[in-house]
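Peer 1: Sequences are here, hints too, so could you generate the full structure?
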Amino acid sequence: MRREISAGIIVYRKSREGPKFLILYHGHDYWNFAKGKIESEERSMAAAFRETREETGFTAKELRLAENFKVYERFTFRRSGQPVFKTVIFYLAETDIETVKLSSEHQGYGWFLYREAKKILGKYRDSQRVLRQAYGFLRHKRQEALHHAAANKNSPAAKPSGQ
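In the working numbering, each residue's number is its place in the sequence shown (first place is 1) plus 966.
No lab work stands behind these hints, which were simulated from the structure alone.
Note that the structure is predicted; figures quoted are calculated from it, not measured.
Misleading hints may appear alongside valid ones.
[Said to hold, decoys possible] Below 27 Å or equal to it, Euclidean Cα-Cα: the simulated DSS-like pairs (lysine-lysine) are:
1) LYS1107 x LYS1027
2) LYS980 x LYS1067
3) LYS1036 x LYS1085
4) LYS980 x LYS1027
5) LYS1085 x LYS1052
6) LYS980 x LYS1107
7) LYS1036 x LYS980
8) LYS1067 x LYS1084
9) LYS1003 x LYS1084
10) LYS1084 x LYS980
11) LYS1107 x LYS986
12) LYS1027 x LYS1089
13) LYS1089 x LYS980
14) LYS986 x LYS1067
15) LYS1003 x LYS1027
16) LYS1067 x LYS1027
17) LYS1027 x LYS1085
18) LYS1089 x LYS986
19) LYS980 x LYS1052
[Claimed, not checked] Label pairs and their calculated CB-CB ranges:
20) LYS1027 x GLY1074: 24 to 32 Å
21) GLY993 x ALA1026: 39 to 47 Å
22) GLN1048 x ARG982: 43 to 51 Å
23) ALA1117 x GLU1005: 42 to 50 Å
24) ARG969 x LEU1068: 23 to 31 Å
25) GLU1005 x ARG1081: 29 to 37 Å
26) ASP1092 x ARG968: 23 to 31 Å
C-beta atoms are modelled at their ideal positions from N, C-alpha and C, and glycine is treated no differently.
Peer 2: This is the structure in structure tokens:
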């Protein structure tokens, strides 16, 4: 069986309602994250940044990579009647930029809250799973930050002297 490895980035931006995820429209009711094949001698993260730049216009400087986030999609499909086992490595990155410069391989895009994104990725269970992992990661990070801020607020060093 033939094997392929791709890499991409789940891009999100903060909004009042919560994180909004960038999902690209390929046509024929197919939506997914920015991703593409890893070229020979290329590392997965370099491929993820390259593909994201090619498909969205976002440069590495415009993306803040989340530390310690790396998830995988693994599935089999048929190309020209032959089975192909594919692995896609996804990273997670935040941007402040709303406008996407689409490549010619896409017909559209959208920024979606988690619930909307999950519906759009409806029939692609692996894509829903990596989205769920990204959302869970962001919620955990937010809770950690809130806990840390509350702990610092209540620490003796944070209280004004004389109290």
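Peer 1: Hint by hint, say whether it matches the structure.
Peer 2: Tested hints:
1. Restraint check for LYS1107 and LYS1027: the C-alpha separation of about 22 Å stays at or below 27 Å, so the hint holds.
2. At most 27 Å may separate the alpha-carbon atoms for a hinted pair to count; LYS980 and LYS1067 meet this at roughly 19 Å.
3. Under the criterion of a C-alpha separation no larger than 27 Å, the hint pairing LYS1036 with LYS1085 is consistent with the structure, at around 23 Å.
4. In summary, the hint linking LYS980 to LYS1027 is supported, as the alpha carbons are separated by about 17 Å, within the 27 Å threshold.
5. A distance of roughly 23 Å separates the Cα atoms of LYS1085 and LYS1052; the hinted pair therefore holds under the 27 Å criterion.
6. Proposed proximity of LYS980 and LYS1107 is supported: the alpha carbons are some 13 Å apart, at most 27 Å.
7. Using a Cα cut-off of 27 Å, the hinted pair LYS1036 and LYS980 holds, with the two alpha carbons roughly 20 Å apart.
8. Note on LYS1067 and LYS1084: the hinted pairing holds, with a Cα-Cα distance of about 23 Å set against a maximum of 27 Å.
9. About 24 Å separates the Cα atoms of LYS1003 and LYS1084, which keeps this hinted pair within 27 Å; it holds.
10. For the given pair, LYS1084 sits about 17 Å from LYS980 by alpha-carbon distance, which is consistent with the 27 Å threshold.
11. Pair hint LYS1107 plus LYS986 holds up; C-alpha atoms about 16 Å apart against a cutoff of 27 Å.
12. About 33 Å separates the Cα atoms of LYS1027 and LYS1089, which puts this hinted pair outside 27 Å; it is violated.
13. Between the alpha carbons of LYS1089 and LYS980 the distance comes to roughly 26 Å, so the proposed pair stays at or under 27 Å and holds.
14. Under the criterion of a C-alpha separation no larger than 27 Å, the hint pairing LYS986 with LYS1067 is consistent with the structure, at around 17 Å.
15. For the hint pairing LYS1003 with LYS1027, the CA-to-CA distance comes to about 22 Å; that is within 27 Å, so the pair holds.
16. A threshold of 27 Å between alpha carbons decides the hint, and for LYS1067 with LYS1027 the separation of about 16 Å falls inside it, so the pair holds.
17. With a C-alpha separation of about 30 Å, the suggested pairing of LYS1027 with LYS1085 is violated against the 27 Å cut-off.
18. Note on LYS1089 and LYS986: the hinted pairing holds, with a Cα-Cα distance of about 20 Å set against a maximum of 27 Å.
19. Taken as a hint, the LYS980 and LYS1052 pair is broken in the structure, with Cα atoms around 31 Å apart against an allowance of 27 Å.
20. With their beta carbons about 25 Å apart, LYS1027 and GLY1074 fall inside the hinted range of 24 to 32 Å.
21. A hinted range of 39 to 47 Å for the beta carbons of GLY993 and ALA1026 is inconsistent with their spacing of about 28 Å.
22. For the pair GLN1048 and ARG982, the beta carbons lie near 48 Å from each other, so the given range of 43 to 51 Å is met.
23. ALA1117 and GLU1005 have their C-beta atoms about 46 Å apart, which keeps the hinted 42 to 50 Å range intact.
24. Taking the beta carbon of each, ARG969 and LEU1068 are about 29 Å apart, inside 23 to 31 Å as hinted.
25. Take GLU1005 and ARG1081: their Cβ atoms lie about 35 Å apart, and the range 29 to 37 Å holds.
26. The hinted window of 23 to 31 Å between ASP1092 and ARG968 is violated, with their beta carbons roughly 18 Å apart.
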